[in-house]
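These protein sequence lines map, in sequence, to chains A and B. The first sequence runs contiguously to residue 274 in the numbering used here. The second sequence runs contiguously to residue 717 in the numbering used here.
Please note that the accuracy of each hint is not assured.
As the list claims (entries may be wrong) - Here chain A is said to cover these stretches of chain B; the calculated rule only asks that three of the stretch's residues, wherever they fall, bring their Cβ under 8 angstroms from a Cβ of chain A: (1) 509–522; (2) 574–583; (3) 595–601.
Said to hold, decoys possible - Taking beta-carbon pairs under 10 angstroms as the criterion, some of the chain B residues facing chain A (in silico): (4) A328; (5) Q371; (6) Y586; (7) Y588; (8) I590; (9) N592; (10) L657; (11) G659; (12) G660; (13) R661; (14) A696.
To be verified - Here are the simulated lysine to any residue pairs, SDA-like style, with alpha carbons at most 25 angstroms apart: (15) B/K329 x A/R153; (16) B/K532 x A/H216; (17) B/K532 x A/H29; (18) B/K532 x A/S151; (19) B/K329 x A/Q154; (20) B/K532 x A/L127; (21) B/K532 x B/I555; (22) B/K329 x A/T148; (23) B/K532 x A/Q154; (24) B/K329 x A/Q150; (25) B/K532 x A/R153; (26) B/K532 x A/T147; (27) B/K329 x A/S160; (28) B/K329 x A/T147; (29) B/K532 x A/D111; (30) B/K532 x A/G161; (31) B/K329 x A/L95; (32) B/K329 x A/L127; (33) B/K329 x A/G161; (34) B/K329 x A/G157.
What the hints contain is simulated information worked out from the structure, not anything from laboratory work. As the structure is a computational prediction, the values presented were derived from the model and not from experiment. Using N, Cα and C, we set each Cβ at its ideal position, and we do this for glycine too.
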Amino acid sequence: MSVVTEGRATGGPDGSTGPLLSLRGISKHFGPVHALNDVDLDVPPGQITALVGDNGAGKSVLIKTIAGIWAPTSGTISWEGRPVEIRTPREADNLGIATVYQDLALCDNLDIVQNMFLGHEDLTHRLLDETRMELTARQTLTDLSVTTVQSVRQLVGSLSGGQRQSVAVARAVMRDARLVIMDEPTAALGVSQTAQVLDLIHTLGARGITVIVISHNLNDVFEVADRLAVLYLGRLVSSGSIDEYDRQRAVELITTGRSADDEPAGPATTDREG
Amino acid sequence: MATDEEQGTAESARPLQTDIPGTASVEPDDDTPVTQPALPELSESLGEYIRVVAKRIRSGESGVLPVLGGLILLVIIFQVQDSVFLSAGNLVNLLVQGSVFVLLGMAEIWVLVLGEIDLSVGYVAGIGGTVMAILSTTHGLPWWVAILGAIASTAVIGAVWGTLVIRLRLPSFVVTLAGLLGMEGVLLYLVNANGTGGTIRITDPVLIDIANGNLSTVAGWIVMIVSVALVGGVIFFRDRHRRMSGLVAPPLVISVLKIVVIAAAGIALVLVCNTDRGALIPVQGVPYVVLVVLGVLGVWTFLLGRTRFGRYLYAIGNNAEAARRAGISLGWNKQWAFTLTGLTAGIAGVVYASRLGSISNNIDGGTLVLYAVASAVIGGASLFGGRGKMVYALLGGLVIATIYNGMGLLGLAASYQYMVTALVLVAAVTIDSLARRGRTTGD
Ligand SMILES: Nc1ncnc2c1ncn2[C@@H]1O[C@H](COP(=O)(O)OP(=O)(O)OP(=O)(O)O)[C@@H](O)[C@H]1O
Ligand SMILES: [Mg+2]
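Construct the entire structure; sequences and hints are all you get.
Okay, structure coming up:
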């Protein structure tokens, strides 16, 4: 394995800086359901990590653990090398983690602007500053080429599935986050919006923002990702630079949890270079 | 200063723009605010504005229009049946009768927005009135101490319901149903323990005046002009600020029209109230209670519409999990909503006791709470949470008061009153549900 020069904003050679986020032995049990078992994962700064796995593999549970939706049953999370506890969404937010959830987590009775700023409203004299929020929201949506919505004051409940997803993505990238997590951000999007979101992920990477993206679309994964991590039935079976994988190997890992290439080499993890 | 802040956010939110390959063409307008609207927005023209509003109404966002229409219809019906209905004396009487319903409806809005309910507001209001009567009459304390004591106790009661709902995760329906029974007991206890034969009279002239006294005719005009100027100023400058920021805003004509309508309503109100309605001695002027209701309406509308707290109540009421993930504290916000429900019920209790001139142990708090919920729902609030405004309680409460008053004028028995109120309630919910069905199938 050679050091990969990515040509992206990763700065120096891999490993010169520690991971931004590091998970060790993370398990999450829901009663008898072991959704995550002993997951170790390093997310290097400024890189785009794609998290893949079959339905029910535990991808959403893993990112919800990082986002503070619930505490892991066991294991430790480190942020820039320091152990942290992320017990609430607010704590994740304070670290600089922004998340697009698979179910989008939008309020149908609020309009687009109100949803995009939910929990982070701009205030002037302690009152909601609707004008400022509306301008920022419009700018962000324009940047994301979301041009199909009629008005940013439309209720989110009246939007199409793809428009809702665009709003959720826009909300996560609008504020300056250090780590942006996206759980299937393009699942409901049309061709051009998908291209925009992929562009956006590139852009975030180029700006040095770390991204974790979950996707079932391997084309997209190989197009945007710097790194790949594969979950299989709650275990992290493989992770490493994207160059170590080809499509066939990724599919094998996703569907069976192992890959023919790995058999002689022993453990499937190729995370470290020593 | 506001401009500095605006620049700051616009900038920090912007950097995406220049880097996104697909949007290179947008680069030139680097630090000017958005000049050309990127999204197709309403245009400034009046015709366009009306068309967009019409579309909103058709798609189910009809706001207060149905209940306003219903109210006007009721007024016409009653006026045709009995020309006394629109007389100054009767209209003022109607306003005073409606004030308790409106206040209780506003109390209910706080929790309805959350998707919760408070069944105890009727008896909690009774307790507010009782505390006021005891402090003032029995203990001879000044009127304002009596009022503060009343409102503080009901706020605490509301806070207790909130704590039970949040900490023990009990359904508010059950907690406040227990509250309804328990508070009836407390009310009986307090009134009977006073040892004045099941009734506590209110003697303090100020407390009596809340629901029975009037502003002088001149003061009525002054208060009206100041209020209209305030509200009109807010509307005018808010719309102008939006237009100048390049945002969708109603055209100037509409802003002015809104202010004219509000001013006309204010003038009509004062004219009616200032007409002499006395039989033997002249009685005229705007009742104080009208000011109380409008004041509470204004402050609560502001709190619900312009602060984070209010915004969060709507978010929680629609999708509590989404609100939680946005970092919103469910407990804190719910706690305050329940507390404000109790507090507003206390204000209703003060008005109620003032109007009767006494508080007795046979208050029908059960019927009062039903009227409270009916006011809010007739006005357009949803029992499922996430939708409701304070003004809905005003309009809904006026509808109920109109039925109550009009049927009384026609000499119809209470039996009819209840049945008609029930019909109106069903009609209101039906209109709402039809409108919403239009919204889901219409797009
Ligand atoms: N709140 C919960 N309570 C109980 N079990 C849960 C909960 N959330 C997830 N699980 C279980 O954890 C497992 C992993 O679920 P998860 O949502 O992470 O899958 P996923 O990898 O995101 O799949 P998909 O690709 O379908 O989104 C599933 O078996 C699921 O049933
Ligand atoms: Mg998932």
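Quick rundown of the hints versus the structure:
1. For the region 509–522 of chain B, the proposed coverage by chain A is satisfied: 6 residues have a C-beta within less than 8 angstroms of a C-beta in that chain, meeting the threshold of three.
2. Check result for the region 574–583 of chain B against chain A: holds, 3 residues qualifying (beta carbon to beta carbon below 8 angstroms, three or more required).
3. Figure legend: the region 595–601 of chain B, annotated as covered by chain A; annotation consistent (7 residues with Cβ-Cβ distances under 8 angstroms, at least 3 required).
4. With a least beta-carbon distance of about 14 angstroms to chain A, the hint placing B/A328 at the interface is violated under the 10 angstroms criterion.
5. Hint on B/Q371 is violated. Least Cβ distance to chain A is approximately 33 angstroms, over the 10 angstroms limit.
6. Because the closest C-beta pair between B/Y586 and chain A is about 8 angstroms apart, less than 10 angstroms, the hint holds.
7. Hint status for B/Y588 relative to chain A: holds, with the closest Cβ pair at about 6 angstroms, below 10 angstroms.
8. A distance limit of 10 angstroms between C-beta atoms decides the matter here; for B/I590 the minimum to chain A is near 9 angstroms, and the interface restraint holds.
9. Look at B/N592: its Cβ gets to within about 4 angstroms of chain A, closer than 10 angstroms, so that hint holds up.
10. At its closest, the beta carbon of B/L657 sits 14 angstroms from a beta carbon of chain A; the interface hint therefore is violated under the 10 angstroms criterion.
11. Residue-level restraint check for B/G659 holds (minimum Cβ-Cβ distance to chain A is 8 angstroms; threshold 10 angstroms).
12. Among the interface hints, the one on B/G660 holds; its C-beta lies about 4 angstroms from the nearest C-beta in chain A, closer than the 10 angstroms criterion.
13. Annotation: B/R661 was flagged as interfacial toward chain A, and the flag holds, the nearest CB pair being 6 angstroms apart, inside 10 angstroms.
14. Proximity of B/A696 to chain A is violated relative to the hint, the smallest CB-CB distance being about 28 angstroms (cut-off 10 angstroms).
15. Straight-line distance between C-alpha atoms of B/K329 and A/R153 comes to about 14 angstroms, which keeps the hinted pair within the 25 angstroms bound.
16. Proximity of B/K532 to A/H216 is assessed by CA-CA distance (about 52 angstroms); at most 25 angstroms being required, the pair is judged violated.
17. With a C-alpha separation of about 58 angstroms, the suggested pair B/K532 and A/H29 falls outside the 25 angstroms cut-off, and the hint is violated.
18. Straight-line distance between C-alpha atoms of B/K532 and A/S151 comes to about 23 angstroms, which keeps the hinted pair within the 25 angstroms bound.
19. At roughly 12 angstroms between alpha-carbon atoms, B/K329 and A/Q154 fall within 25 angstroms of each other, so this suggested pair holds.
20. Of the supplied pair hints, the one linking B/K532 and A/L127 holds, its CA atoms being roughly 23 angstroms apart against a limit of 25 angstroms.
21. Our distance criterion of 25 angstroms between C-alpha atoms is broken by B/K532 and B/I555, whose separation comes to about 38 angstroms.
22. For the proposed pair B/K329 and A/T148, the alpha carbon gap of about 18 angstroms is at most 25 angstroms, so the pair holds.
23. For the hint linking B/K532 to A/Q154, the alpha-carbon distance of about 22 angstroms falls within 25 angstroms, and the restraint holds.
24. At most 25 angstroms may separate the alpha-carbon atoms for a hinted pair to count; B/K329 and A/Q150 meet this at roughly 12 angstroms.
25. Straight-line distance between C-alpha atoms of B/K532 and A/R153 comes to about 20 angstroms, which keeps the hinted pair within the 25 angstroms bound.
26. In summary, the hint linking B/K532 to A/T147 is not supported, as the alpha carbons are separated by about 32 angstroms, beyond the 25 angstroms threshold.
27. Distance hint between B/K329 and A/S160 is fulfilled; the C-alpha atoms sit about 18 angstroms from each other, no more than 25 angstroms.
28. Between the alpha carbons of B/K329 and A/T147 the distance comes to roughly 20 angstroms, so the proposed pair stays at or under 25 angstroms and holds.
29. Annotation: proposed proximity of B/K532 to A/D111 holds, straight-line Cα distance about 23 angstroms (limit 25 angstroms).
30. Proximity of B/K532 to A/G161 is assessed by CA-CA distance (about 36 angstroms); at most 25 angstroms being required, the pair is judged violated.
31. Taken as a hint, the B/K329 and A/L95 pair is broken in the structure, with Cα atoms around 43 angstroms apart against an allowance of 25 angstroms.
32. At most 25 angstroms may separate the alpha-carbon atoms for a hinted pair to count; B/K329 and A/L127 exceed this at roughly 30 angstroms.
33. Distance hint between B/K329 and A/G161 is fulfilled; the C-alpha atoms sit about 21 angstroms from each other, no more than 25 angstroms.
34. As the CA atoms of B/K329 and A/G157 are separated by approximately 16 angstroms, the hinted pair is consistent with the 25 angstroms bound.
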